[in-house]
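These protein sequence lines are chains H and X, in that order. Numbering-wise, the first sequence is residues 3 to 245 according to my numbering. Numbering-wise, the second sequence is residues -5 to 290 according to my numbering.
Derived by calculation from the structure, the hints in this document are not laboratory data. Don't take each hint at face value.
Straight line, CA to CA, 27 Å or less: simulated DSS-like cross-link-like pairs of lysine-lysine [stated by the list, open to error]: (1) 19(X) to 115(H); (2) 229(X) to 26(X); (3) 161(H) to 205(H); (4) 214(X) to 19(X); (5) 205(H) to 239(H); (6) 134(H) to 178(H); (7) 214(X) to 134(H); (8) 214(X) to 135(H); (9) 161(H) to 135(H).
Here the structure is a predicted model, which means the values were calculated and not measured.
Single-letter residue listing:
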Amino acid sequence: MPDRVRIEGASKSFGELQALKNVSMSVGAGETVVVIGPSGSGKSTLLRAVNRLEVLTSGDIWIDEDHVTNHTSDIRRIREEVGMVFQNFNLFPHLTVLQNLMLAPTCVKKRSKADAEKQAVGLLARVGLSEKKDAWPEQLSGGQKQRVAIARALAMEPKVMLFDEPTSALDPEMVKEVLDVMLDLAREGMTLMVVTHEMGFAKAAAHRVIFMDQGEIIEIGSPADLFERPQNERTKKFLAHIL
Amino acid sequence: MAEVRPLPVRIQVTDGALIPGKGDKTVRASWKIALFGALGLLVFLPLYNMAPVQEFVLSLWAGLFPSPELTARLDLLRSGKYQNIWVDILLYLPDGLAVTFSVTLSSILLATVFGLAAGLGQISRVVLLNRIATVYVEVIRGIPLLVQIFYIYFALGNLFHLDGFFAAVLSMAFCYGAYMGEIFRAGIQAVPVGQMEAALALGLSRSQAIRRIILPQTVKIILPAIGNEFIALLKDSSMVSVMALVDLLRLAKNYGSNHGDYFPPLTVVALVYLVMTLILSWLVALMEERLNQNAR
Ligand SMILES: Nc1ncnc2c1ncn2[C@@H]1O[C@H](COP(=O)(O)OP(=O)(O)O)[C@@H](O)[C@H]1O
Ligand SMILES: [Mg+2]
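Only chain H is shown next, with the shape it has when bound in the complex (with noise of 0.2 Å):
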C-alpha cells in the first residue's frame, strides 16, 4: 500500500507540556489505523495535527504529494479532503441536517444546490438517516448525530477520514450503529485513522492499532499481535486495564 499519510518526527509543545514526542507513523491508502493509548497521550493532538487544526512545533506530514506542515501549502484545500469527525459531533445547530451535508460542497467546492442536495440524500440513506433529513441536530439522538457527522464528511468526498473517538460520547446502545456505519467504510477502501476503545471494532476493521503513551508511539501491530501478544510492558498493563 502507498502511504496516503505519513507522519515524520512530529512534536508538539504546549508550553512545557510535550504532547507528541518525535512520532512517526502512516497510514496505508485505504488502510484502517486504530490509535488507543490513555487519556492525555496526545492521540487527539496528532489526529488533529494532520488536518493542522493543530500546527506542529516541529516535523512533518504529507497526505500524498501534499505538504500539510508547510505553511505555504493552501491547507483549505488539503481539508477539503479530509473529513474529520468529532467525539462531541459539532453539527450545525442552525442548520437542518440535510443543509448541514449541503454546506461544505456548495460553499468550498462550488456545486450546485440541485447537486449538493441529490449528494446528499444518497448520503444520508447510506447511513440510514433518509427520514431525517429536514430534522434540527437537537431532534437527533447521539448516534443519529454522529451518522449525520459522518456522511457530512463524506459530502467532501474526502480520501482519508479522521475519527477522534467517534462513540466516546454515546449512550452504549447508540454506538453499534455509529460503528457499523464505519466499518462499511473501512471494507469500501476508505482510508482511516480512528482514535477509539471499541476493540470490537479494531479487531474487525484495523489493519494496524497503534499504541501511545506520554506523546510517544510505543508499540504498532496487526490487532491480533498487539491484543493477544503485546510486547510492551506498558502496552500490556494499558490492556489489562481496558480489557
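With chain H fixed as given, assemble chain X with the ligands onto it according to the hints.
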C-alpha cells in the same frame, strides 16, 4: 398577600429595565405596577384636569376651605379661558416621539454595524485591526455619552457643519457601537470552538466559517442583549435634546418654558418614556423566552 421572594441573582448587562421573564414573580409584579400605574396616570391626569372636573373639584374645596386663590381659579375655569395643558401637551407629543424614534432606530442600526465591526476586530488575528477595535471600545466606553454628544455636535459639528440629526445619530451610534462590540465579541466567543473547527475541517475559510456558522449562532445568543441596548439607547436618546433636535425631552422643555409650567410636560414625557421602555423590555423578555424554547 403574595409572598415576596428576594430577586434571583441576575447580572444586568445594560441599564435597561428589569426584564419580566417568566418565573420572576417579583419582577413581573413590579413591572405590572409600573406599567399600569404609568398608563393610568397618562389617562387620569388629562381627564382630571378637564374644565368640568376641575370646576367640580375646586368648588368642593372652596366649600370646605374658602380662599381667594380658589375663587380666582374657579373664575378662570368659568370664564372659558382655561386651557387643559395635560391634553394640549399630548397633542404635541407625536412630533417629539417621531424624532426620538427616528434617532433611536437610525442609531441602533448604525451602532450594530459599528458593533459588528468592533466585535470582529477584537477577535481578528490581524494585529492592526485588533488594536483599532480594542482601543475604540476602551476609549469610547471611557467617555460619557453626553460629552461625546457635545463633542460631535459642538466641537466637530462647527468644524464640519454637521446637521443636527446626523450628528445625533453619529454620536449615539459611535458610543453604542463600542458597547455592542463587546456584546458581539462575547457572543462570538460563546459559540463552542468545535463549531469553528468543524467548519475549518470541512475546508471553509475562517471568514466563510464566521459568516455561515459562527455569526448565525451569535445572533441568537446576543439578540436579548441587543434588545437591552435598544432600550438603553431609547432612553439615552433624550440626551440629544441638547442639540437643535426637538425630541421628546426637548419638546417638554420648550413647552414648559412657553407656558411657564414645566410640571405637566415633564411628567407626561417621563411617563411616556417609562411606558415605552416597559413595553420594550417585555418584548425583549418574550424574545428571550422564544429563543430559549427552540434553542437551536
Ligand atoms: N490546546 C491545548 N493547550 C494546552 N494543553 C493541551 C492542549 N490540547 C491538549 N493539551 C494537552 O496535551 C496532552 C495531550 O492531549 P490530547 O492529544 O488531547 O490527548 P488524548 O486525546 O490522547 O487524550 C494532554 O496533556 C493535554 O492536556
Ligand atoms: Mg482525545
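These are the hints, each one checked on the structure:
1. 19(X) to 115(H): 49 Å, violated
2. 229(X) to 26(X): 20 Å, holds
3. 161(H) to 205(H): 23 Å, holds
4. 214(X) to 19(X): 26 Å, holds
5. 205(H) to 239(H): 19 Å, holds
6. 134(H) to 178(H): 19 Å, holds
7. 214(X) to 134(H): At roughly 24 Å apart (the allowed maximum being 27 Å), residue 134(H) and residue 214(X) satisfy the hint.
8. 214(X) to 135(H): Distance of about 23 Å is within 27 Å: holds.
9. 161(H) to 135(H): 25 Å, holds
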